[in-house]
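Undergrad: First residue of the sequence shown? That's 1 in full-length UniProt numbering, and the numbers climb one at a time after it.
Among the hints, erroneous ones may be present.
[Said to hold, decoys possible] As a list, the in silico DSSO-like pairs of lysine-lysine whose alpha-carbon atoms are at most 30 Å apart:
#1 K30 / K8
#2 K24 / K8
#3 K80 / K106
#4 K120 / K211
#5 K120 / K106
#6 K24 / K80
#7 K24 / K79
#8 K178 / K129
#9 K137 / K178
#10 K77 / K24
#11 K129 / K166
#12 K120 / K215
#13 K137 / K211
#14 K80 / K30
#15 K166 / K186
#16 K142 / K24
#17 K30 / K120
#18 K77 / K30
#19 K142 / K120
[To be verified] Here are the simulated distance ranges between beta carbons:
#20 G203 / E118: 16 to 26 Å
#21 I121 / T74: 55 to 65 Å
#22 T57 / V81: 40 to 50 Å
If you're looking for bench data, these hints aren't it; they were derived computationally from the structure. The C-beta atom is built at its ideal place from N, Cα and C for all residues, glycine as well.
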Amino acid sequence: MELKTQLKKYRNTNEWTQKDLAEKLNVSDKTISSWETGRTYPDVHMLISLSELFGITLDEFMRGDSKMVKRIDTDLKLKKVYKYGLITTVLVLLVAVIFLNVYQYKNQWVDRFNPFMEMKIGYATLPTKVTYNGGKKYEESKEGLQFPDPYEDIWVADDPFGGGSKLTFSGGQAPEGKNYALVQHKGIYVRRISFVSWESIPGMYRDIMNKEYEKIP
Numbered sequence: 001m002e003l004k005t006q007l008k009k010y011r012n013t014n015e016w017t018q019k020d021l022a023e024k025l026n027v028s029d030k031t032i033s034s035w036e037t038g039r040t041y042p043d044v045h046m047l048i049s050l051s052e053l054f055g056i057t058l059d060e061f062m063r064g065d066s067k068m069v070k071r072i073d074t075d076l077k078l079k080k081v082y083k084y085g086l087i088t089t090v091l092v093l094l095v096a097v098i099f100l101n102v103y104q105y106k107n108q109w110v111d112r113f114n115p116f117m118e119m120k121i122g123y124a125t126l127p128t129k130v131t132y133n134g135g136k137k138y139e140e141s142k143e144g145l146q147f148p149d150p151y152e153d154i155w156v157a158d159d160p161f162g163g164g165s166k167l168t169f170s171g172g173q174a175p176e177g178k179n180y181a182l183v184q185h186k187g188i189y190v191r192r193i194s195f196v197s198w199e200s201i202p203g204m205y206r207d208i209m210n211k212e213y214e215k216i217p
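Use the sequences and the hints to build the structure in full.
TA: Right, dumping it as structure tokens:
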């Protein structure tokens, strides 16, 4: 016997109207009507409450409605999958948040896409000369390409109160008279630099910078 038939049968046996049963379950009478017509069906919690109200076992109440049993079984499995999926998602997000907060200033690719870090602008004093191809001097007569080495461990003042970061970035040989850089960076990821003159640097930054380049150990 289908569940909807069982429901109506036991309701009538107890001489309850749909409204009476609805009040006992704290649902609307439209919900009871929907169950009895088969448009919707009670969840497991409601099925247990119904069987208790009717004074029968859950097995007896649902006996004969194999379709309903399969639907409930499927629902329970889906809820279980959803539950574990939600827990897994929350754990992954939690680990990601912890990782992004702990692993700052250690990898430029992580810093580049880290939503918890802000893009900063700072100023740096650069060496007047750069080396090429891994520490060699530039040779005008040399055949073949000569690539400038990056500026390594350059102190970038990005806070007028003295804060800053040691960064490594590429840029090539600075133009004469402009061996200073305006650096836009996020952690150790340098987005871009521009060569500037000493006079173009705001005074509050010049006060905490060295005009002549000094390598910071």
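Undergrad: Please verify whether K77 and K24 have alpha carbons no more than 30 Å apart.
TA: holds, 29 Å
Undergrad: Next pair to validate is K120 with K211; report whether the Cα-Cα distance is within 30 Å.
TA: Measuring from Cα to Cα gives roughly 21 Å; hence the hint holds.
Undergrad: Given the hint that K30 pairs with K8, does the C-alpha gap stay at or below 30 Å?
TA: Given that 30 Å is the threshold and the Cα spacing comes to 14 Å, the pair holds.
Undergrad: For the range 55 to 65 Å, tell me whether the beta carbons of I121 and T74 fit it or not.
TA: This hint holds: roughly 57 Å between Cβ atoms.
Undergrad: Would you check the hint for K80 and K106, treating anything up to 30 Å between C-alpha atoms as holding?
TA: violated, 39 Å
Undergrad: Checking one constraint from the list: CA of K24 to CA of K79, max 30 Å. Satisfied?
TA: With a Cα-Cα distance of about 26 Å, the restraint between K24 and K79 holds, given a limit of 30 Å.
Undergrad: Hey, K24 versus K8, does the alpha-carbon distance stay inside 30 Å?
TA: holds, 15 Å
Undergrad: Would you mind confirming whether the straight-line C-alpha gap from K142 to K120 stays at or under 30 Å?
TA: violated, 39 Å
Undergrad: Does the structure keep K137 and K211 at a Cα separation of 30 Å or less?
TA: holds, 24 Å
Undergrad: Given the hint that K80 pairs with K30, does the C-alpha gap stay at or below 30 Å?
TA: holds, 29 Å
Undergrad: Under the criterion that the straight-line Cα-Cα distance not exceed 30 Å, is the pair K178, K129 satisfied?
TA: holds, 11 Å
Undergrad: Compare the distance between the alpha carbons of K120 and K215 with 30 Å, and conclude whether the hinted pair is satisfied.
TA: holds, 22 Å
Comparing the model with each numbered hint stated earlier shows that hints 3, 16, 17, 19, 22 do not hold.
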